[in-house]
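Trainee: Make a model of the complete structure from these sequences and hints.
2 protein chains.
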Amino acid sequence: MEVSGSFSRLSSPRPVSFSVTNCAKHPNPTKTNLSFRNSGYAPVSASVERSSGSNAAVHLDSKFETILDNVKWDSKGLAVAIAQNIDTGSILMQGFANRDALAKTISSRKATFYSRSRSSLWTKGETSMNFINVHDVFLDCDRDSIIYLGKPDGPTCHTGAETCYYTSVYDILEGSKEDKEERLAKTTLYSLEATISKRKEEIETLPNGKPSWTKKLLLNQELLCSKVREEAGELIQTLLGNEDKDRTASEMADLLYHSMVLLNLKDVSMEEVLEVLRKRFSQSGVEEKNSRKKN
Amino acid sequence: MEVSGSFSRLSSPRPVSFSVTNCAKHPNPTKTNLSFRNSGYAPVSASVERSSGSNAAVHLDSKFETILDNVKWDSKGLAVAIAQNIDTGSILMQGFANRDALAKTISSRKATFYSRSRSSLWTKGETSMNFINVHDVFLDCDRDSIIYLGKPDGPTCHTGAETCYYTSVYDILEGSKEDKEERLAKTTLYSLEATISKRKEEIETLPNGKPSWTKKLLLNQELLCSKVREEAGELIQTLLGNEDKDRTASEMADLLYHSMVLLNLKDVSMEEVLEVLRKRFSQSGVEEKNSRKKN
Numbered sequence: 001m002e003v004s005g006s007f008s009r010l011s012s013p014r015p016v017s018f019s020v021t022n023c024a025k026h027p028n029p030t031k032t033n034l035s036f037r038n039s040g041y042a043p044v045s046a047s048v049e050r051s052s053g054s055n056a057a058v059h060l061d062s063k064f065e066t067i068l069d070n071v072k073w074d075s076k077g078l079a080v081a082i083a084q085n086i087d088t089g090s091i092l093m094q095g096f097a098n099r100d101a102l103a104k105t106i107s108s109r110k111a112t113f114y115s116r117s118r119s120s121l122w123t124k125g126e127t128s129m130n131f132i133n134v135h136d137v138f139l140d141c142d143r144d145s146i147i148y149l150g151k152p153d154g155p156t157c158h159t160g161a162e163t164c165y166y167t168s169v170y171d172i173l174e175g176s177k178e179d180k181e182e183r184l185a186k187t188t189l190y191s192l193e194a195t196i197s198k199r200k201e202e203i204e205t206l207p208n209g210k211p212s213w214t215k216k217l218l219l220n221q222e223l224l225c226s227k228v229r230e231e232a233g234e235l236i237q238t239l240l241g242n243e244d245k246d247r248t249a250s251e252m253a254d255l256l257y258h259s260m261v262l263l264n265l266k267d268v269s270m271e272e273v274l275e276v277l278r279k280r281f282s283q284s285g286v287e288e289k290n291s292r293k294k295n
Numbered sequence: 001m002e003v004s005g006s007f008s009r010l011s012s013p014r015p016v017s018f019s020v021t022n023c024a025k026h027p028n029p030t031k032t033n034l035s036f037r038n039s040g041y042a043p044v045s046a047s048v049e050r051s052s053g054s055n056a057a058v059h060l061d062s063k064f065e066t067i068l069d070n071v072k073w074d075s076k077g078l079a080v081a082i083a084q085n086i087d088t089g090s091i092l093m094q095g096f097a098n099r100d101a102l103a104k105t106i107s108s109r110k111a112t113f114y115s116r117s118r119s120s121l122w123t124k125g126e127t128s129m130n131f132i133n134v135h136d137v138f139l140d141c142d143r144d145s146i147i148y149l150g151k152p153d154g155p156t157c158h159t160g161a162e163t164c165y166y167t168s169v170y171d172i173l174e175g176s177k178e179d180k181e182e183r184l185a186k187t188t189l190y191s192l193e194a195t196i197s198k199r200k201e202e203i204e205t206l207p208n209g210k211p212s213w214t215k216k217l218l219l220n221q222e223l224l225c226s227k228v229r230e231e232a233g234e235l236i237q238t239l240l241g242n243e244d245k246d247r248t249a250s251e252m253a254d255l256l257y258h259s260m261v262l263l264n265l266k267d268v269s270m271e272e273v274l275e276v277l278r279k280r281f282s283q284s285g286v287e288e289k290n291s292r293k294k295n
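In the order they appear, the protein sequences are chains S and D.
Using full-length UniProt numbering, read the first sequence as starting at 1 and increasing by one per residue.
Using full-length UniProt numbering, read the second sequence as starting at 1 and increasing by one per residue.
For the record, the hints were derived by calculation from the structure and aren't laboratory data.
Treat the hints with care, as some may be off.
Where chains are identical, the list cannot tell them apart; a pair therefore holds if satisfied intra-copy or between any two copies.
Unchecked claim - Listed next, the in silico DSSO-like pairs over lysine-lysine satisfying Cα-Cα at most 27 Å (straight line):
| hint | residue 1 | residue 2 |
| --- | --- | --- |
| 1 | Lys198 | Lys279 |
| 2 | Lys210 | Lys279 |
| 3 | Lys198 | Lys245 |
| 4 | Lys200 | Lys245 |
| 5 | Lys63 | Lys76 |
| 6 | Lys215 | Lys266 |
| 7 | Lys216 | Lys279 |
| 8 | Lys266 | Lys216 |
| 9 | Lys215 | Lys245 |
| 10 | Lys266 | Lys245 |
Mentor: Right, dumping it as structure tokens:
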């Protein structure tokens, strides 16, 4: 296997070059040229020479090699690799990486794993085209667990679900699993977003259902807009009026919630908003844009 | 091992009872009574009888047993268990669970793992008191990977870091690791929050440093407040003026960023804001509070 290329993070855009050369045991690699799409990142290109054997030893530039050497590979040469959505924080999937899988992920910026059942490398998306575009790679304190922090091109699970985690143990124990309603593992912001979406659906499917504040807001744009304006004012007041921290957290929660109802009406997800923020910040964008606008 | 108790999610508060009885092989368990703090959840209590042996077979209520049976334990009886912060989405740590560790996590709602080095169960926090209070448990599509979605009482890593993931491979490759500055694996919202904090620090440590829009806002409350108000108005305008989705995402990004600068001045974290939202929503709180306020 031979990998050569360069990569950079825009927030600290010094390019890093490296090369992975094929070992003598596999003198006739099949050469493939790859070019990678990396939204939010400087273009990355790499030339990968795949050896015919899957266990090709690799020779790497020293820093790159040191990183791979420092991972505490288990007795089978593997470490846990977790793919996480950089914008939402959703855990997309978990697999295992061997040395080559980690090397390929770092160089290609596509989340790559070692398939224990097929005894081979596989890049998530090579069949579905739903690649996970890796923006950062983290090792844990024990150096035996890896996070691929990236942006998925589409649903990660082979079932078509956004992530592979949609079976709640407590739902099963409480019997609500019988409704056949799958529920993705969501953190607070995205649970709230899902609740707002559910209220919107209920307006259509259960017009005489339980009333709720969210439904009222969804049905009354004037009320919603006045609430967003009012909550922004109340948040500001906590600063100007030197109110306590709890009050600030509470008013920010109100502003966030009401703004998210507005996003729902516009069919905009929090993930899209965060993507805007990420792209701006990786280009020092928010600061620059506003600086430009105001000065 | 004998575990009995009940648990419920407030959003669907039907209690679920179960019992785990000790097998005949271990007739003299040591009884411990535990009571658990579960912020955002109905109180959970469980009586756990620990057998003197660590490999006690367990007899469980049928649903509970079915869940444990359905996990695809590996040849060593283990599955990957990932602890994730329910509010921020941060991956706190990754360990392994065996059948007993998963059973104990589900019943006690404290993230519990199987230590491969010590060949015993360990509940994160049993020494440091920094428990991870589990709100939900998810299995992946292959049923060999588990998420403990919970709220940590304090830093998770034994080093005192918030999470165990603070070593970026790209930082090492780019040489910025030489600064000895550790960087936690953060998703977009929390990277932005960290950037704003950094600007605040720079105002004090580098008063003649590079100017930035964030610093300007941090130093001028009047400007900041007018910006928060203005961005709220522009977000509203995208709805009233039927502007396109991209415009909405962009204005929401602006509102979020400026509000977060205000949060920084009040020393309030996004995690605190999200905790407020979670607690309200798990009590149908936002809807009820606002409904009360307005009707």
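Trainee: Each hint: holds or not?
Mentor: Each hint tested on the structure:
In this assembly of identical chains, Lys198 and Lys279 lie within 27 Å of each other by CA distance solely across copies; the values are 19 Å between and 29 Å within a copy. Taking the shortest Cα distances, Lys210 and Lys279 sit within 27 Å of each other only across copies (21 Å), while inside one copy they are farther apart (40 Å). Taking identical chains as interchangeable, the C-alpha atoms of Lys198 and Lys245 lie at most 27 Å apart only when they sit on different chains, with a minimum of 20 Å there against 31 Å within one chain. Taking the shortest Cα distances, Lys200 and Lys245 sit within 27 Å of each other only across copies (18 Å), while inside one copy they are farther apart (32 Å).
Proximity of Lys63 to Lys76 under the C-alpha cut-off of 27 Å is restricted to the intra-copy arrangement: shortest distance 24 Å within a copy versus 34 Å between copies. In this assembly of identical chains, Lys215 and Lys266 lie within 27 Å of each other by CA distance solely inside one copy; the values are 15 Å within and 32 Å between copies. Proximity of Lys216 and Lys279 under a CA criterion of 27 Å is satisfied inter-copy only: 21 Å between copies versus 34 Å inside one chain copy. Within a single copy, Lys266 and Lys216 get their C-alpha atoms as close as 16 Å, which meets the 27 Å cut-off; across copies the closest is 32 Å, which misses it.
With identical chains, the CA atoms of Lys215 and Lys245 are at most 27 Å apart between copies only, with a shortest distance of 21 Å across copies and 30 Å within one. Taking the closest pair of Cα atoms, Lys266 and Lys245 come within 27 Å of each other only across two copies (6 Å); inside a single copy the shortest separation is 31 Å, beyond that limit.
The earlier numbered hints are all upheld by this structure, with none contradicted.
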